[in-house]
Amino acid sequence: MKPLFNIRLTSATGLLMSFSLLVVSCSVKEVRNPHVNDYEDRCTLKQVGKKVFPLDESSTATFKYVQYIENDTLPMFSFLNTYLNAIYLYDARTCELLDTLVFQKEGNNGVGILQGYHYINKDSILTYQSGSGRLALVDSEGHVKQRYVLMDMEQQQTENLVLPNPEVSTDNPILYADGIVSMAGGYYSESSIETTGRVYTTLHYNLATGEIRYANRYPEIYRKWSWGAHGYYRSINTALDSEGNVLVGFAADHNLWRYNPKTGVSDSLYAGSRLVKSIKPFSTAPKEYMYQGAPADAVEDWYETQPSYDAVFYDPYRQLYYRFVRLPREDALKNFFNNKPVVLIVLDKDLQYLGEEQLPESNVGYDTYNAFVTPEGLFIKSLRVTSEDEVTFCQYQVVIQE
Numbered sequence: 001m002k003p004l005f006n007i008r009l010t011s012a013t014g015l016l017m018s019f020s021l022l023v024v025s026c027s028v029k030e031v032r033n034p035h036v037n038d039y040e041d042r043c044t045l046k047q048v049g050k051k052v053f054p055l056d057e058s059s060t061a062t063f064k065y066v067q068y069i070e071n072d073t074l075p076m077f078s079f080l081n082t083y084l085n086a087i088y089l090y091d092a093r094t095c096e097l098l099d100t101l102v103f104q105k106e107g108n109n110g111v112g113i114l115q116g117y118h119y120i121n122k123d124s125i126l127t128y129q130s131g132s133g134r135l136a137l138v139d140s141e142g143h144v145k146q147r148y149v150l151m152d153m154e155q156q157q158t159e160n161l162v163l164p165n166p167e168v169s170t171d172n173p174i175l176y177a178d179g180i181v182s183m184a185g186g187y188y189s190e191s192s193i194e195t196t197g198r199v200y201t202t203l204h205y206n207l208a209t210g211e212i213r214y215a216n217r218y219p220e221i222y223r224k225w226s227w228g229a230h231g232y233y234r235s236i237n238t239a240l241d242s243e244g245n246v247l248v249g250f251a252a253d254h255n256l257w258r259y260n261p262k263t264g265v266s267d268s269l270y271a272g273s274r275l276v277k278s279i280k281p282f283s284t285a286p287k288e289y290m291y292q293g294a295p296a297d298a299v300e301d302w303y304e305t306q307p308s309y310d311a312v313f314y315d316p317y318r319q320l321y322y323r324f325v326r327l328p329r330e331d332a333l334k335n336f337f338n339n340k341p342v343v344l345i346v347l348d349k350d351l352q353y354l355g356e357e358q359l360p361e362s363n364v365g366y367d368t369y370n371a372f373v374t375p376e377g378l379f380i381k382s383l384r385v386t387s388e389d390e391v392t393f394c395q396y397q398v399v400i401q402e
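Counting along the sequence shown from 1, when you hit position 139 you're at 139 in the numbering used here, and nothing is skipped either side.
Just so you know, the hints here were simulated from the structure itself, not pulled from any lab data. One thing to keep in mind: the hints can contain errors.
[To be verified] Ranges of calculated distance between the beta carbons of each label pair, as one might list FRET restraints:
1) Gly231 to Glu159: 19 to 27 Å
2) Lys277 to Glu220: 15 to 23 Å
3) Tyr317 to Ala285: 43 to 51 Å
4) Leu98 to Ala285: 49 to 57 Å
[As the list claims (entries may be wrong)] Restricting the straight-line Cα-Cα distance to at most 27 Å, the calculated cross-link-like pairs of lysine-lysine (DSS-like) are:
5) Lys349 to Lys46
6) Lys50 to Lys349
7) Lys29 to Lys277
Values in this document were obtained by computation on a predicted structure and should not be read as measured data. Glycine is no exception: its CB is placed at the ideal position from the N, C-alpha and C atoms.
Take the sequences, apply the hints, and build the full model.
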């Protein structure tokens, strides 16, 4: 059968500019941070305000996909209402609801059940249908202008190859730069296929040519040890840097991986926390073929005892990068894993460490997976619910000591 696209598999191991940054000892089975004391902490974090967006009777604060839309005349905040299959658009400055874009699931203009989107302008919105491997280019009226088949989902996994099944969210969004769409999806099983074959986490699709690249295998520590499955440590965090490269973060990795979708070149850079000396895996036993993971309760208990890296965001207005990390919680609350203490790591325009600060302790916690950046600062969704008719984002500004 003639292939739909010119497919190129690209190893994420590429060029490792900082190979020595990751220390995995054969005798000490943990992921040590070799740079805990190497950098000066020059940052402080100030909460300077908040934004409260009203919700209508058909929306809730449990959404998992938001996007700040840059616009010279009217910058907008948006989120996906999966119940209505709709994108809500707000004035980002006044928090006023401007419009609700509802998309058909079936028919000539059907886009399926939406999992995420990338709003370019009112005439060009990329939408992704959950679990489909398909993108659609639509306008704000819901008319489909173009459809793209990223992959045949029946061929997504073979005996020695696993291709990424995109699972998009605010911390792992649809990324778009220079005509290339990048998306990521984690492999949540613990399997020997990671050591005997290839498991890729990102795909990069050229809208004009149909060429697709697969890249960014899980780091060596994932191929060697078990991280509990169930998504706690195997989910992916992605963002674009200032040059259009894709940044990929893994929960157990002190580094960020930088991938160029045009050239296929990859490298890694240290982006760890001074407060995270090491991360211990769930199990160091050899992986079994198609092993699905330990019981969720056991994995959750272990997750509470270990630090974990979270979402990455680029701040183009201050040329900074933010990476969240969660610290272990001694008084762990079952089914409340979002309540682990949160630290914000700040990196400069070259992804070099500037500092970090822990967010104030909260009995409710922060939704670090849902944050966005504007000229006003960094906004992090609060999990504190004071009213079902609104959602609150806390506003922070980073102060760097010269």
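Here is how each hint holds up against the structure:
1. Gly231 to Glu159: 19 to 27 Å: 24 Å Cβ-Cβ, so the 19 to 27 Å window holds.
2. Lys277 to Glu220: 15 to 23 Å: At roughly 19 Å between Cβ atoms, Glu220 and Lys277 fall inside 15 to 23 Å, so the hint holds.
3. Tyr317 to Ala285: 43 to 51 Å: holds (47 Å)
4. Leu98 to Ala285: 49 to 57 Å: holds (54 Å)
5. Lys349 to Lys46: holds (20 Å)
6. Lys50 to Lys349: holds (26 Å)
7. Lys29 to Lys277: holds (13 Å)
Hint check: no violations occur; every hint is consistent with the structure.
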